[in-house]
Amino acid sequence: MAIELGGVQFPRVHRIVTLEQAAFVYHRIPGQAGNLVQNLGRDSVRLQIEGIFYGPKAQESLARLRDLYLKRSPVDFVADITSGAYAGRVTLDRLDVTQAADAPEQFSYVLIITEYVPPPKPGLNTKLIDQKVKLNAKQMLDLATLPDELLLGSAPELTNPFVPLQGALEPVRSASGGLLSAMDGMKKILGA
664 MAIELGGVQF
674 PRVHRIVTLE
684 QAAFVYHRIP
694 GQAGNLVQNL
704 GRDSVRLQIE
714 GIFYGPKAQE
724 SLARLRDLYL
734 KRSPVDFVAD
744 ITSGAYAGRV
754 TLDRLDVTQA
764 ADAPEQFSYV
774 LIITEYVPPP
784 KPGLNTKLID
794 QKVKLNAKQM
804 LDLATLPDEL
814 LLGSAPELTN
824 PFVPLQGALE
834 PVRSASGGLL
844 SAMDGMKKIL
854 GA
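Position in the sequence shown counted from 1, then plus 663, gives you our numbering.
Incorrect hints may appear among the rest.
DSS-like cross-link-like pairs, simulated, lysine-lysine; straight-line CA separation at most 27 Å [as the list claims (entries may be wrong)]:
| hint | residue 1 | residue 2 |
| --- | --- | --- |
| 1 | K784 | K734 |
| 2 | K720 | K734 |
| 3 | K801 | K790 |
| 4 | K795 | K784 |
| 5 | K784 | K797 |
Hints listed in this document are in silico derivations from the structure and should not be mistaken for laboratory results.
Produce the entire structure from the sequences given, and follow the hints as far as they go.
Here you go:
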């Protein structure tokens, strides 16, 4: 099986593991046993590639692979697996390298790559944004014309809310006015 990643060839691949996962979201509903499951499609496919670089050019190949890993940008991935060619773009997520003392020109590696899905192009989902902008513009226009509305008399008249309450305490004053004269007799008895 021949694999090439960003121009780096992998001559000795021992094992490839496919890591696939569905994208489910689980929602709890109060009072209901179990969860509501929402299917959001799938996560990007990940591959775990294990193999060795060996020989006089092993360090050079490993250095090129490490440079790709450190750039953190998508690279081309070409694989001829069981007579079926695959080409795509991937990101390098993890790189583990091991070197043993008894094999100085041999490096074992475990590399995890992930299918790269480019972000959506700008402008594809702008309808909602346009609607929000129009709504905000209308609200700003309504706010800007509010002083004109008040001048033309179309808004209800605003008055002082305390004016109707000014006479509300008059019955209490008249009822408590006789209370002072009734207290005069009590003051004479108590000697105050």
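**Message:** Check the hint pairing K720 with K734 against an upper bound of 27 Å on the C-alpha distance.
**Reply:** Holds, at about 22 Å.
**Message:** For K784 and K734, compute the direct alpha-carbon distance and say whether it is at most 27 Å.
**Reply:** At roughly 23 Å apart (the allowed maximum being 27 Å), K734 and K784 satisfy the hint.
**Prompt:** Is K784 within 27 Å of K797, Cα to Cα?
**Reply:** Given that 27 Å is the threshold and the Cα spacing comes to 22 Å, the pair holds.
**Agreement of K795 and K784 with the hint, judged by alpha carbon distance not exceeding 27 Å** = Holds. K795 to K784 sits at ~20 Å (cutoff 27 Å).
**Prompt:** For the pair supplied as a hint, K801 and K790, is the alpha-carbon distance within the 27 Å limit?
**Reply:** Holds. K801 to K790 sits at ~17 Å (cutoff 27 Å).
Violation of the numbered hints given earlier is absent; every hint is satisfied by the structure.
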